[in-house]
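> Position chain B relative to chain A; hints supplied.
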Amino acid sequence: MRYRRRGLDIASHALLILALIAFCLPVWLAITAATHDQASLYTGTAPLWFGSEGLDNFRAVLTEPVGRLGTDVTRLLLNSTVMALGIALGKIAIAILAAYAIVFFRFPLRRLCFWLIFITLMLPVEVRIMPTYKVAADLGLLNSYVGLILPLIASATATFLFRQFYLTVPPELLEAARVDGAGPWRFLKDILLPLSTTNIAALFVIMFLYGWNQYLWPLLITTESDHMTIVVSLKRLLSSADNLVPWQTVMATALLAMLPPVAVIVLMQRYFVKGLVDAEK
Amino acid sequence: MATFQRHRVTPWLLLAPQLAVVAIFFFWPAAQAMLQAFYVEDPFGLGRTFVAFENFARVLASAEYYRALGITVTFSAGVALGAMALALLLAVLADRVIKGAGAYKALLIWPYAVAPAVAGVLWGFMLDPELGLISAGLGALDIDWNHQLNGGQAMALVVMASIWKQMSYNFVFFLAGLQAIPRSLLEAAAIDGAGPWRRFWTITFPLLSPTSFFLLVMNSVYAFFETFGTIDATTAGGPGGATRTLVYKVFEDGFIGYDLGSSAAQSVLLMGLVGLLTLLQFRYLERRVQY
Numbered sequence: 001m002r003y004r005r006r007g008l009d010i011a012s013h014a015l016l017i018l019a020l021i022a023f024c025l026p027v028w029l030a031i032t033a034a035t036h037d038q039a040s041l042y043t044g045t046a047p048l049w050f051g052s053e054g055l056d057n058f059r060a061v062l063t064e065p066v067g068r069l070g071t072d073v074t075r076l077l078l079n080s081t082v083m084a085l086g087i088a089l090g091k092i093a094i095a096i097l098a099a100y101a102i103v104f105f106r107f108p109l110r111r112l113c114f115w116l117i118f119i120t121l122m123l124p125v126e127v128r129i130m131p132t133y134k135v136a137a138d139l140g141l142l143n144s145y146v147g148l149i150l151p152l153i154a155s156a157t158a159t160f161l162f163r164q165f166y167l168t169v170p171p172e173l174l175e176a177a178r179v180d181g182a183g184p185w186r187f188l189k190d191i192l193l194p195l196s197t198t199n200i201a202a203l204f205v206i207m208f209l210y211g212w213n214q215y216l217w218p219l220l221i222t223t224e225s226d227h228m229t230i231v232v233s234l235k236r237l238l239s240s241a242d243n244l245v246p247w248q249t250v251m252a253t254a255l256l257a258m259l260p261p262v263a264v265i266v267l268m269q270r271y272f273v274k275g276l277v278d279a280e281k
Numbered sequence: 001m002a003t004f005q006r007h008r009v010t011p012w013l014l015l016a017p018q019l020a021v022v023a024i025f026f027f028w029p030a031a032q033a034m035l036q037a038f039y040v041e042d043p044f045g046l047g048r049t050f051v052a053f054e055n056f057a058r059v060l061a062s063a064e065y066y067r068a069l070g071i072t073v074t075f076s077a078g079v080a081l082g083a084m085a086l087a088l089l090l091a092v093l094a095d096r097v098i099k100g101a102g103a104y105k106a107l108l109i110w111p112y113a114v115a116p117a118v119a120g121v122l123w124g125f126m127l128d129p130e131l132g133l134i135s136a137g138l139g140a141l142d143i144d145w146n147h148q149l150n151g152g153q154a155m156a157l158v159v160m161a162s163i164w165k166q167m168s169y170n171f172v173f174f175l176a177g178l179q180a181i182p183r184s185l186l187e188a189a190a191i192d193g194a195g196p197w198r199r200f201w202t203i204t205f206p207l208l209s210p211t212s213f214f215l216l217v218m219n220s221v222y223a224f225f226e227t228f229g230t231i232d233a234t235t236a237g238g239p240g241g242a243t244r245t246l247v248y249k250v251f252e253d254g255f256i257g258y259d260l261g262s263s264a265a266q267s268v269l270l271m272g273l274v275g276l277l278t279l280l281q282f283r284y285l286e287r288r289v290q291y
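Those protein sequence lines, which keep their order, are chains A and B. Number 281 marks the last residue of the first sequence (this note's numbering); no jumps. Number 291 marks the last residue of the second sequence (this note's numbering); no jumps.
If we strip away everything but chain B, and leave its shape as in the complex, we get:
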């Protein structure tokens, strides 16, 4: 690559804005989070004491934490698998009908632009115990819906709203992946007598595995972090902590409970968890994926 050689100051001038913002709003707070995790601070900020790993021990010994972990796993698995399965089904259908695939893409893409919190509010209305269209339908089936009281239903609500928002993203990628599969391959299989079902599982699905793997990572990250707004605007972690995910717990302990040390320790654990997940995904999943 050709470069400008005799400029010593220019590159630093160019880099300065980015480095300044990253230093002040990324590295400084990240370092603070690490440090804070080893201290107990009084809520009024009057002083703090070094406690080594006590915050971590306290977090890891609390049943609450494992409950939030379990809820996070359930929630993320529900969102990722639901959003991917539905998107794949629709993408396969759209890919079949060569005429109109583009139109369907244009019509299905917009929920991606809707804020997670707004998605939560829209679904909260459809499932409102008094007014909701879906809750009324469920009522007719003798299912009493009230996500403000029933923890399982609250979880179902946030999962549905999150799937609704995330599906279009997955759909765009699956459709692109499907359209990249050579038609001749599918036609040859058809001539050999393979039906649509068989063609899907022996040709299409394996060839889609890189896309699926990528989407699994992206969906997990989405379910972990971006759905905070969905949860806060609809169930606020409730009822009785039934939708309190790990990220929500960090927020609650830090900003509502003012337990800074514990919140910071949880942040650090969360960072570790995210790193571990990424690593595991790459180590164990990538090997089975055909590129």
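Only chain A is shown next, with the shape it has when bound in the complex:
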């Protein structure tokens, strides 16, 4: 190709690698800080290399109650996992059923149901936070897994995506199934679900990240440490110190908080990119 210039290619690679290093710097510093003890951390600027504490800081936060949290990080990781899985699986389950009803059945008020679900796309939970909190409190859902999960399931992104996908299913498929005597449940279980596995995987990745990374909602609805999530716990750790921030503990916790979602994205990248492009475009 005439228009390519070798010098520019090399410069591009150089710039990209530089950007990559800059991108990774915050995490690198977190890893090195997490391997120091408080005293060696506070001898100067943040250390660029590992300290002597190795994995001790991680072992400590995972097995012993941390600072003002009143619980160990293992418990927080468990809570975050339950919340993220609950949101991802719950959203996918109710969305598949609702989209199935809207696409494959004719019934009165079908359009109205569709619009009622569609409207929920417009308002994020942050805007209606006060009254949603009140509803959850009235239903006795504070400090419970149900309270962490259910209110965040109430949006229709997933329903929408499954609807789009179902609309592309060839009508012959349904007719053939009906000729063979398959009822609605059979058709869903034996034909539609196997066809949607890629979409389900893609949505699972996105919804898992969404659930894991939630902040405002778990902050409000959990006041006791047994249901607190790991992402929310970080702020308490930061403000817990009366004099010096225990950065080694904060960083060990922060790394544990980002490990599961980053692992999910790295392992399922293929689905994730597909899910992103489908979900938002």
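In short, the hints are calculated from the structure, not lab data. All clues stand as given, with none of them false.
Among the chain B residues that face chain A by a calculated CB cut under 8 Å, a handful are:
#: 1; residue: Thr3
#: 2; residue: His7
#: 3; residue: Leu15
#: 4; residue: Gln18
#: 5; residue: Gln36
#: 6; residue: Ala94
#: 7; residue: Trp110
#: 8; residue: Pro111
#: 9; residue: Tyr112
#: 10; residue: Met271
Stretches of chain B that chain A covers, calculated by requiring three or more beta carbons in the stretch to come under 8 Å of a beta carbon on chain A:
#: 11; stretch: 19-28
#: 12; stretch: 126-137
#: 13; stretch: 241-251
#: 14; stretch: 255-266
Idealized CB from N, CA, C, for every residue including glycine.
Frame of chain A; chain B shown alone:
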């Protein structure tokens, strides 16, 4: 579309879970928010009085509110433009080097998975006045960094952390957009003597406008709502309200100040603002965008 005809109950059974959740946790609270905005409630929940538009008048007359609005605009513009410009630059570079574009994508994508609050904490450490690597570097340049005292620096901190997290998302979309541009078009321009700079501005950039427009909307929404965690975990709206965005103010007035009416009125105004922004973006921007 072929459908199941003689099933009356089945569709309702299928829809029931979704409709129930949406009714209880979306429509009911949304309606409550609207109603609440017209009442003054005492903080102990003992009673409330209808005050019509008084809450709105009070909010719209307060200098605090306009300050938060200004802060939101600065913050969102900084995040959206910063994250998009950086991502576009990197995507153009990655698109140039045909070998390795996929690898760069794989290596740059992971910050998307990091929670906004965690991103804030990581950047808070790098800029910690005592320990921070960057703040030490700035100190060497005679810049005294302390985002706990300096409002402008606190804003810079939350903007940087938010950009860091959002960039990879933009990068994925820009790279996809760039790779969809036919090579022949660029080659033809090159044969006509257009240099890389000129090719970018006359061919690539206009063809990317749908992607850019879409990303502008998504980035604004991100900056508005999802960055709550970043702000709360690092600056908590401070110092002196320098990073108190509109969403943060709704939270503060409602949950810390227990001024429910004002908080609800602000929520309703925020809904209106989000709607207006979306509308404006579509009306005025979309026309200049070539699809």
